[in-house]
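So the sequences go chain by chain: A and B. 179 is the number that numbering that gives the first Met the number 0 gives to position 180 of the first sequence; each next residue is one higher, with no gaps. 35 is the number that numbering that gives the first Met the number 0 gives to position 36 of the second sequence; each next residue is one higher, with no gaps.
You may find that some hints are simply not true.
Coverage of chain B stretches by chain A, computed from C-beta distances (three or more under 8 angstroms per stretch; other residues unrestricted) [what the hints assert, rightly or not]:
(1) 2-11
(2) 16-26
(3) 87-99
Straight-line distance between alpha carbons at most 20 angstroms, and here's what the computed EDC-like set of lysine to aspartate or glutamate pairs gives [claimed, not checked]:
(4) Lys214(A) / Glu237(A)
(5) Lys241(A) / Glu312(A)
(6) Lys21(B) / Glu284(A)
(7) Lys247(A) / Glu187(A)
(8) Lys241(A) / Asp282(A)
(9) Lys152(A) / Glu84(B)
Simulated from the structure, these hints should not be mistaken for lab results. The structure displayed is predicted, hence computed values, not measured ones. Each residue gets a CB set at the ideal place from its N, CA and C atoms; glycine is no exception.
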Amino acid sequence: MSATVGEVEAEATVADREPALVVNQLTKRFGERTAFSDVSFEVAHGEVFGFLGPNGAGKTTTVRTLGTLIAPTSGSAIVAGIPLSPANGVEIRQRISIMPESPGLYLRLTVTENLEYFAGLYGLRQPAQRIASALAAVNLGDRAGDLCGGLSKGLRQRVGLARTLLSDPVIMFLDEPTSGLDPVAAREVHNLINQLRERGVTIFLTTHRLEEAEKLCDRVAILNTTLRSIGRPEELRERLFKGGLTIKTRVPLSDPEQLFSPIPGVDAWSSERPGFYLLSVSDPEVAAPEVTRRLVGAGADVLAIGEARHSLEDVYLELIDEDVEAQR
Amino acid sequence: MALNAARVGAVVRKELRDYRRKRSIVATMVILPAVFLIQPSLAVFLSSPSTATAQTFRVSLLLLLLIPVITPSTLAAYAVVGEREQGTLEPLLTTPLRRQEFILGKAAAVMIPTLALSYAVFGLFLGVVRVFANPTIASDVFHQGPILLALFLFTPLLAGWAIVVGLAVSVRASEVRVAQQLGMLASLPTLGVVILMGVGVITPTFTVAAAFAAGLLVIDVRASRIVSRMFDRERLITGAKAVEP
Numbered sequence: 000m001s002a003t004v005g006e007v008e009a010e011a012t013v014a015d016r017e018p019a020l021v022v023n024q025l026t027k028r029f030g031e032r033t034a035f036s037d038v039s040f041e042v043a044h045g046e047v048f049g050f051l052g053p054n055g056a057g058k059t060t061t062v063r064t065l066g067t068l069i070a071p072t073s074g075s076a077i078v079a080g081i082p083l084s085p086a087n088g089v090e091i092r093q094r095i096s097i098m099p100e101s102p103g104l105y106l107r108l109t110v111t112e113n114l115e116y117f118a119g120l121y122g123l124r125q126p127a128q129r130i131a132s133a134l135a136a137v138n139l140g141d142r143a144g145d146l147c148g149g150l151s152k153g154l155r156q157r158v159g160l161a162r163t164l165l166s167d168p169v170i171m172f173l174d175e176p177t178s179g180l181d182p183v184a185a186r187e188v189h190n191l192i193n194q195l196r197e198r199g200v201t202i203f204l205t206t207h208r209l210e211e212a213e214k215l216c217d218r219v220a221i222l223n224t225t226l227r228s229i230g231r232p233e234e235l236r237e238r239l240f241k242g243g244l245t246i247k248t249r250v251p252l253s254d255p256e257q258l259f260s261p262i263p264g265v266d267a268w269s270s271e272r273p274g275f276y277l278l279s280v281s282d283p284e285v286a287a288p289e290v291t292r293r294l295v296g297a298g299a300d301v302l303a304i305g306e307a308r309h310s311l312e313d314v315y316l317e318l319i320d321e322d323v324e325a326q327r
Numbered sequence: 000m001a002l003n004a005a006r007v008g009a010v011v012r013k014e015l016r017d018y019r020r021k022r023s024i025v026a027t028m029v030i031l032p033a034v035f036l037i038q039p040s041l042a043v044f045l046s047s048p049s050t051a052t053a054q055t056f057r058v059s060l061l062l063l064l065l066i067p068v069i070t071p072s073t074l075a076a077y078a079v080v081g082e083r084e085q086g087t088l089e090p091l092l093t094t095p096l097r098r099q100e101f102i103l104g105k106a107a108a109v110m111i112p113t114l115a116l117s118y119a120v121f122g123l124f125l126g127v128v129r130v131f132a133n134p135t136i137a138s139d140v141f142h143q144g145p146i147l148l149a150l151f152l153f154t155p156l157l158a159g160w161a162i163v164v165g166l167a168v169s170v171r172a173s174e175v176r177v178a179q180q181l182g183m184l185a186s187l188p189t190l191g192v193v194i195l196m197g198v199g200v201i202t203p204t205f206t207v208a209a210a211f212a213a214g215l216l217v218i219d220v221r222a223s224r225i226v227s228r229m230f231d232r233e234r235l236i237t238g239a240k241a242v243e244p
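Chain A with its partners taken away, still in its complex shape (with noise of 0.2 angstroms):
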């Protein structure tokens, strides 16, 4: 008996609230080294997630895991609604795609033989009306008929995304996409992820740019083996850094110590050249309005004043930085 319109309505609904990749305790051994160990998550359908970490973390081995290419040594995952399991290899790796670091082009076959070939994989129907459409979706539509040997790296890379949009995955796992590009390539392929956000498609970037996750990502994960943080940048910024001002004076101040000190919500202060400081507050819209007072009343030439930005980078180098230190 098949489903009424309304009952396939109130699936879709159903899944659409459960997350599109659910990862608990994942733990991936290769003998005695650990790629990565106790790995936690959640992505939500529609998300751009960024996973990032320095080389080595685990990034990679992560998404292969997920994607049924190797198998965890511990832990579970639901991947599309699958669990992660060697029987359910096939059905998780019909509904996710994944491009990986290099996009592992056939060089002799044309950008179309190419995408046929995979259309073909994934037993799609109507392969030439997907095929136009993915490489619309990456203006590569005139493109089509070159053979792949002769694309740029750049032009590869959105060849190698045309494949992983082929199947209209559930998620589509971009491993380092623009590693190797050139600034001009590197922000093409942005654009193509944010157009693919538009769209609602779930996205897993693996980066080390951190700019690249900061601009892209609406949550990101670092990793170092183990999972170090999770949230939305300015989450993270939050979590791990105080709020602070930032004040630019025409001439350094003779006594900023009695200055600063005595403000309430003030916590320190420092100066790493004249004319700069940094004050470390509580909360930055409090703190503002009393320290300008203050500027004002001892006479300063007062030529900036504004809340302290801390960005991704300062985030994950503060993260990594701990590790090292822990290691030592």
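Given chain A, work out where chain B should sit, using these hints.
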């Protein structure tokens, strides 16, 4: 577990396309069989009816059996390690393609041109003998019943053997050149049998031909299953063997 014919077909189509685009592959496939035509042609056209013996033609015809062994060995040996070297294996393994489908597709893609070339060469040789050779010698050649049967019967079986050995080497090898050199080992048993028949240790009869064919069929089927089991995604991607949790 059912194999998906569409996925196997996709692998075969892509492989044949890839061969056609690489002239060196086509050239190698055509030149090797041509080389194996030289000795049988000399035996037929330089022998006089008074001096030629049945043994002369027997060995010459048996040498043609090396064509379906040697032609596919380099292609099969390249099949997996080649994909690995050019970085196309990992994307392929991320698709729903099962390992058995991959192996079957690769094997079929090597088998098709091998059979076409081998039978074309046999047909060409016999046709030329029929039309241009001395009628007595032509009659001697066409009276080698068990050998002619072996040519037709053994060709797919020997090609299957060479392909399975080549794929086994390819799944395990870390480098294309090593795989292709080791893949040539598949021709040694065939060469051995030809030599044994040539020196009269084994007498080719219909019974012997049928027994060899049955034995080869069993070996091919078992060996192909072993190759499928040797295909370990984890080892191919990371170099480390998968360990059960």
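Here's how the hints hold up against the structure:
no.: 1; hint: 2-11; result: holds (count 6)
no.: 2; hint: 16-26; result: holds (count 4)
no.: 3; hint: 87-99; result: holds (count 11)
no.: 4; hint: Lys214(A) / Glu237(A); result: holds, 18 angstroms
no.: 5; hint: Lys241(A) / Glu312(A); result: holds, 16 angstroms
no.: 6; hint: Lys21(B) / Glu284(A); result: violated, 68 angstroms
no.: 7; hint: Lys247(A) / Glu187(A); result: violated, 37 angstroms
no.: 8; hint: Lys241(A) / Asp282(A); result: holds, 8 angstroms
no.: 9; hint: Lys152(A) / Glu84(B); result: holds, 18 angstroms
Hints 6, 7 from the earlier list are contradicted by this structure; the remaining hints agree with it.
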